[in-house]
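Those protein sequence lines, which keep their order, are chains A, B, C and D. Anchor point for the first sequence: position 429 equals 429 in the numbering used here, and the numbering is continuous, going up by one each time. Take the position in the second sequence, starting the count at 1, then add 446; the result is the number in the numbering used here. Take the position in the third sequence, starting the count at 1, then add 892; the result is the number in the numbering used here. Take the position in the fourth sequence, starting the count at 1, then add 1338; the result is the number in the numbering used here.
Some clues are possibly wrong.
[Claimed, not checked] For lysine to aspartate or glutamate, the following EDC-like pairs were computed, each having C-alpha atoms within a straight-line distance of at most 20 Å:
1. C/963 with D/1419
2. B/553 with A/18
3. C/907 with D/1414
4. A/37 with B/542
5. B/461 with A/76
6. A/15 with B/740
7. A/322 with A/103
8. B/461 with A/296
9. B/685 with B/675
10. A/135 with C/1099
11. A/15 with B/538
12. D/1375 with C/1099
13. C/907 with D/1632
14. D/1409 with C/973
15. C/929 with D/1414
16. A/15 with B/742
17. A/15 with B/558
18. A/15 with B/542
19. B/461 with A/96
20. A/37 with B/740
21. B/517 with A/76
22. A/15 with B/548
23. B/517 with A/81
24. D/1375 with C/984
25. D/1353 with C/1004
26. D/1353 with C/1099
27. D/1473 with B/653
28. B/483 with A/81
29. C/963 with D/1414
30. A/71 with B/527
31. B/685 with B/740
32. C/907 with D/1661
33. A/71 with B/464
34. B/581 with D/1545
35. D/1409 with D/1661
36. D/1660 with D/1434
37. D/1353 with C/988
[What the hints assert, rightly or not] With the Cβ distance kept under 8 Å, some of the chain D side facing chain C (calculated, not the full set):
38. 1350
39. 1395
40. 1462
The hints are simulated quantities; they were obtained by calculation from the structure and are not laboratory data. Fair warning: this is a prediction, and the values are worked out from it, not measured in the lab. Glycine included, C-beta positions come from ideal geometry on N, C-alpha and C.
Protein chains: 4
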Amino acid sequence: MTSTPKPSAKTPDTKIYERRESGVRSYSRSMPRQFNKAQGVWMHGNDGSRYLDFLSGCSSLNYGHNHPALKQALMDYIAADGVTHALDLYTDAKAEFLATLEDVILKPRGLDYRAMFTGPTGTNAVEAAIKLARKVTGRETVIAFTNGFHGMTLGALACTGNAGKRGGAGVPLSHVSHEPYDGYYGPDVDTADLLEQRLEDPSSGLDAPAAFLVETVQGEGGLNAASPEWLRKIAALAKKHGALMIVDDIQAGCGRTGGFFSFEDMGFKPDIVTLAKSLSGMGLPFALTLFRPELDVWSPGEHNGTFRGNNHAFVTATAALKEFWADPKFAEDVARRGRILEERLDKMAKRHGLSTRGRGMMRGINVETGEIADKITGTCFDEGLIIETSGAHGEIVKVLAPLVIDDETFNAGLDILEEAIAETIAPVDASDTTGAKADSKLGLAA
Amino acid sequence: MTSTPKPSAKTPDTKIYERRESGVRSYSRSMPRQFNKAQGVWMHGNDGSRYLDFLSGCSSLNYGHNHPALKQALMDYIAADGVTHALDLYTDAKAEFLATLEDVILKPRGLDYRAMFTGPTGTNAVEAAIKLARKVTGRETVIAFTNGFHGMTLGALACTGNAGKRGGAGVPLSHVSHEPYDGYYGPDVDTADLLEQRLEDPSSGLDAPAAFLVETVQGEGGLNAASPEWLRKIAALAKKHGALMIVDDIQAGCGRTGGFFSFEDMGFKPDIVTLAKSLSGMGLPFALTLFRPELDVWSPGEHNGTFRGNNHAFVTATAALKEFWADPKFAEDVARRGRILEERLDKMAKRHGLSTRGRGMMRGINVETGEIADKITGTCFDEGLIIETSGAHGEIVKVLAPLVIDDETFNAGLDILEEAIAETIAPVDASDTTGAKADSKLGLAA
Amino acid sequence: MTSTPKPSAKTPDTKIYERRESGVRSYSRSMPRQFNKAQGVWMHGNDGSRYLDFLSGCSSLNYGHNHPALKQALMDYIAADGVTHALDLYTDAKAEFLATLEDVILKPRGLDYRAMFTGPTGTNAVEAAIKLARKVTGRETVIAFTNGFHGMTLGALACTGNAGKRGGAGVPLSHVSHEPYDGYYGPDVDTADLLEQRLEDPSSGLDAPAAFLVETVQGEGGLNAASPEWLRKIAALAKKHGALMIVDDIQAGCGRTGGFFSFEDMGFKPDIVTLAKSLSGMGLPFALTLFRPELDVWSPGEHNGTFRGNNHAFVTATAALKEFWADPKFAEDVARRGRILEERLDKMAKRHGLSTRGRGMMRGINVETGEIADKITGTCFDEGLIIETSGAHGEIVKVLAPLVIDDETFNAGLDILEEAIAETIAPVDASDTTGAKADSKLGLAA
Amino acid sequence: MTSTPKPSAKTPDTKIYERRESGVRSYSRSMPRQFNKAQGVWMHGNDGSRYLDFLSGCSSLNYGHNHPALKQALMDYIAADGVTHALDLYTDAKAEFLATLEDVILKPRGLDYRAMFTGPTGTNAVEAAIKLARKVTGRETVIAFTNGFHGMTLGALACTGNAGKRGGAGVPLSHVSHEPYDGYYGPDVDTADLLEQRLEDPSSGLDAPAAFLVETVQGEGGLNAASPEWLRKIAALAKKHGALMIVDDIQAGCGRTGGFFSFEDMGFKPDIVTLAKSLSGMGLPFALTLFRPELDVWSPGEHNGTFRGNNHAFVTATAALKEFWADPKFAEDVARRGRILEERLDKMAKRHGLSTRGRGMMRGINVETGEIADKITGTCFDEGLIIETSGAHGEIVKVLAPLVIDDETFNAGLDILEEAIAETIAPVDASDTTGAKADSKLGLAA
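Required output: the full structure, derived from the provided sequences and hints.
If you want it as structure tokens, here you go:
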């Protein structure tokens, strides 16, 4: 890889950003490149560089960038003056999306949900979910979990664990109790049992909950994956205590962990599910709150919003459901790739005495500190691989590759990661020199 | 008009919506048509009907549907595999948007703002604005105003006056004081003076505010337009009391009231401005929080979100700024159309002893009850005109026509409204029969 | 008065306070004397000084200090080993208090209230009142008023207007809306009408209230006295909007404004009344929340507290009710003294171009700034008169003389006040020299 | 005991209570007797009955009822017209109390605290403590513990675990996180370690705390006694994380657990301590918040209240400190009686396969359900013993005997308890008949 030209030697001109974009911007700081196009698993810099994308818009681009089928559907729609914006009026695009969702996703899974088109951001879907749970139960408290991440608007932010994000609120964040996630106190403590004890104790100070809000795999929180047993216990606890079980599937859903929903085949059905990120298939803003029909107690317009029916996203989402979910082939491929990822990460972890996290195509490796993780991802970026960190301390290097990546490219990207780790962390067995300075598998542009 | 075929005799098949869409849907209830395309000022039903759009996506479609220049720019971008989703990474589309915003909007108006790309919904832009104000001032209380409307997520909802929307929160809405808007207690009471008295009284119970959050014209609240004098007083009060002045320009901005910002030429500069709705120009989800550079105290990523850089919207927004705001012609046209609207509404109001509201191309007529207003808008819809109501009781029939409408079509649409009012409300002078049963100016499809 | 020895030339030894008492102490700062006994209208310093008490424990000593009848009843009770503390068990002392309250107070006034013995502080009575109102109505918002003062615990503090007190909370104070009190915007604005408009507007942002919490005269807030008309409007508004009317009669009740309750003969009956301060008659901690029997929806022990049945206070309160309220003579005397007070204050105000405030024996004079008021009360203290200020800026010199004061002593105290004002503020008519340097009427100890 | 006449066959006339006292009353329901006097360890019904008091006003009467020394001091004070009520002015009574507190309590224990006289109820002392902690730290969150009980006003209630009490609030209780108390998850889980993990995890959702509010023995929560090790860990955690350690010693202090403070000799010094209940020594309302001088950041009057200097209580509290705490004899006696109590309860527990709880003279026996506990205490009451329950389910029969009880009477009371348990619960060894139907040791009046 040493002989391959680095993706870009030049720093882009960032004056316009410095002058006019708020300092709240973040990813562009560690990946200072200006991109102009993107196709499949690749992002292209306007300096001719190209990057393999193992971030996938934080799981918003599960099918890769600008997938031809989705792109074509959208262009056809625009060309025909298809409705772009129609508030929540009926449109052909909406009807077709709902019918496809029903046929391709809900029916085959035996799920009877209604769809609420919230504002097209994950945080809005979460806000709608917890509002609904509070309205249905007449209770205020939402039980969220340590390291959970649910959004930045005030209701969702109260459910988010991250202190830095919470600190931005400027007011105390209330009506939420943060309980230990599965495995939080190590493998020997069943945190669902701890929670049960407090719920059943009328003097515990834990008010009767409206909802349990849980990610099956915590994307931002460090790729912690809850076990099916624990999730079933949580679902049972919710039911027993008159609370609703909300699965926030914004990052783990849409195939990232294998099935369309991350909780498939786990033996429970959430009362409410939130979706966003890869739902539109092409990275367009789109979010959905699904719930059992009996919970649909909203008054018309009680929760509304200007962009809650994004017709372009209806079109691409419909195309994505048809393209990827109409037969089991895609899920099987994802499962296979997930096993490749698991094996390769396990190997890297073993070599360096580290541990892995996650499930399906949503996995990472715990390199112990944020500084080490940043060094690794920085090295990767220099070698043409976009990859990021997560976790409370940013200590998890996370692989969120497009689900459609071909095996060869996938392995080439993982080679870069392996090498970057090897450059950064000494192997447990000091005589091991594998992985150091392998030739790059990526044909990187100058 | 009686001889003209009604836009649609058939009720669309709504089974899929009843089965799969949440009952929270609202506009589709009073306008039960399924639309498939839209161009300029027209929306087309899939039954061949067509409707003149005086709702404009609640001011999200100020330049009409699918404007050719914007549409072409977007199709070119997609065809070239332009980046669709890139989190907050630098892209050509973003750089060009920022540069155009600077050149076309900020510089000519002497405004030195930084742009924060929040999640692409108005409510998110408002949440970011009030978070920032709380962070900068170290205070919690936001002063919002009666009949204000700012969004549905918990922080913005607390600033919203509407009881029905507030009731959906499920938790008490805190940290906001709702004060009387300009004119709330009639023309003889200066509500800014009332507010000043309470702010200066250390025993009033009104805590020191972080921000004043104000719309210059209240879109959802009934098209109440604040006077420049009152707004200047509020701006001065904010400054005097160490609070930030936030103008929520989501509905009134982007030309709806004449200028790009609704507060231009009023003699004050807000500390923070929120934009969304027509910002993308084509109805794509896009929102922006602008603020003075000195207020940019965010840590990187302190407020983030998956879709906060919607590149498709960057493209269309850039095209819109160039198309409409690079020379003064457009604003002049809007001003002229606003005068037409004013005159025609005043005439209708005078005939029926009613009053009008609003400013620029954001005006309405107060027909006194929601029932009467619904009857009028229902009649309009039957005659091929999409028009809606606003106000605390839904008693204001509001005209939010596309700003680009040609005068003839505009007048034809206003004829329909005039006629519908005349059919519903007796004239003050009973001998007046003008406006009843004029021939339709709209060539409506069968 | 100049020839009379000042009450005390010596500063007391305050080292023990400086060493061991929190700096939160306040009255002792402006009245640096150490008292050892008190009888009737007089307080005695341990240096032989004596002071006429026009503060009366902020209206906690309406019957003067250690009234012989009350003192004897208490000593007899203690000597007989009467129950001192019994939680909320039945005691003879409690039964007799309840029976006396019923016979002497409730029945003659046609009031059918139940008594809740809260913790023996006013703030606790207020907390119980607002809890009950929230429980009965299922709503959260309490409407309190500008300059209202209701206590220091978190629920009552949220209802208190004073910014300094509120600032001590350390958390935002929520669930309360502070509305303008009677006369807040001057004599031409009926603030009840302003409130009504907001309550009837579903978009005003004012949530449906659980209760209106009002003082008929604002003791700490500056002796603002609401008119009966305004109070009736507030009572009617409460009823119309499904809220409970709570009169906080802690300072204005127990005869301070004439009747036992401050709202007698005003044409409305509060749903809930709070009492404390002079209720025990002798200054012992005692508080009561009274409410209509239909509102008594408490579960046993739902609001409790260790000292909620203070049997010593039952004994003295019973004695006080029998001594002062069993026949109309006392109320008549208070009314007469109230007129004396009114006339004398009006005269002082007139001379100096000032205004007066208040009702009955709860009146004050507005000297415009806290600095002037402090100077006046300081001068009074030097002349042997204990008197304090109130109001948002401490600008009201308030006279809270014992209700049992004889006319001669009362006038002598008012002479001191008159003189102190005359020394501090120039008369409107400069040739007026009345009141300056009159001989003291108080025989003050060396 | 069967031959002894029951303390009272008659039900007292409760009509006045039913008519005029709120249904919130509680103890009088299970102990329907009307008391008229009380001396030492005995309470006397007005029907000639007498009861041994193992409730002691929930630990407010540690020195028994109307102790002669305290009673005499109070009568002397009243006879001499000692100041009864003086707001927070200096009085001889206050000075002597402060000096005695310093000499007898603080100095010998090496504690340098300042005293804040809050409103004379425990809940007010707690409100002041948490306000101060929030003010000092600039943070909002208070960490309280499962089964903690701290009072009924809104700030203290938020810190209380009991769901029934919390339900009375009528608003959500915020700004408090309830964490597991020592032993909450059984002997094998160190809950301080669990708490530490969450505090050190920046994504746990647990905001940085202003204070830890802890009882060393949870009086209402079921007599759970924290170990010194755990308390030291909590104190260390508080220090490490910039929070203040508040010991709520309202029930466990004043000798109940042995020393004057419950935390003596445990190797840590709280930052803030709250006292009330037995502080006055005679059951008079009195409360105190003690804190390190450096924390005394209050502005004058920032937290105030009418009855915050209860001079009668100063007198009796001073007498109590001198009588009981000036030499070690009393504490030694209490320690000895605590051992008697421990042994006897252990024996009872062993016989019936039950467990005991508590420390010093603050102990109880867990009889597993509230129904059984109520049956036992009911039987005791019938036999002339006042005793109550505590715990989340009321399942703990708690012994709060006066600390001054002589051994013979103490054992006689415990005999009644032992017998009542034996009548209600089968022994583990069925052949055991000990304790059944022993003769009463109490000479009970007819």
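Original post:
Does the structure keep residue 483 of chain B and residue 81 of chain A at a Cα separation of 20 Å or less?
Top reply: 5 Å, holds
**OP:** Given the hint that residue 461 of chain B pairs with residue 96 of chain A, test it: the Cα-Cα distance must not exceed 20 Å.
**Re:** Cα-Cα ~12 Å, so holds.
Subject >> Pair hint outcome, residue 461 of chain B versus residue 76 of chain A [Cα-Cα no greater than 20 Å] >> reply: Violated, because 26 Å separates the two Cα atoms, which is more than 20 Å.
**OP:** Decide if the proposed pair is consistent with the structure: residue 553 of chain B and residue 18 of chain A, CA atoms, cutoff 20 Å inclusive.
**Re:** 16 Å, holds
**OP:** Mind checking the alpha carbons of residue 322 of chain A and residue 103 of chain A for me, to see if they're no more than 20 Å apart?
**Re:** 10 Å, holds
Subject >> Proposed proximity, residue 542 of chain B with residue 15 of chain A (alpha carbon, max 20 Å) >> reply: Within the cut-off at roughly 12 Å; holds.
Original post:
Can the restraint linking residue 37 of chain A and residue 542 of chain B be considered satisfied, given a maximum Cα separation of 20 Å?
Top reply: 14 Å, holds
Original post:
Quick one, are residue 1409 of chain D and residue 973 of chain C close enough, alpha carbons at most 20 Å?
Top reply: Measuring from Cα to Cα gives roughly 9 Å; hence the hint holds.
Subject >> Restraint satisfaction for residue 1395 of chain D [CB to CB of chain C, less than 8 Å] >> reply: 5 Å, holds
Original post:
Within a Cα-Cα threshold of 20 Å, do residue 963 of chain C and residue 1414 of chain D meet the stated pairing?
Top reply: Holds: residue 963 of chain C and residue 1414 of chain D sit about 12 Å apart, inside 20 Å.
Original post:
Are residue 517 of chain B and residue 81 of chain A close enough, with their CA atoms no more than 20 Å apart?
Top reply: 9 Å, holds
**OP:** Mind checking the alpha carbons of residue 1353 of chain D and residue 988 of chain C for me, to see if they're no more than 20 Å apart?
**Re:** 12 Å, holds
Hints 3, 5, 12, 20, 26, 32, 33 from the earlier list are contradicted by this structure; the remaining hints agree with it.
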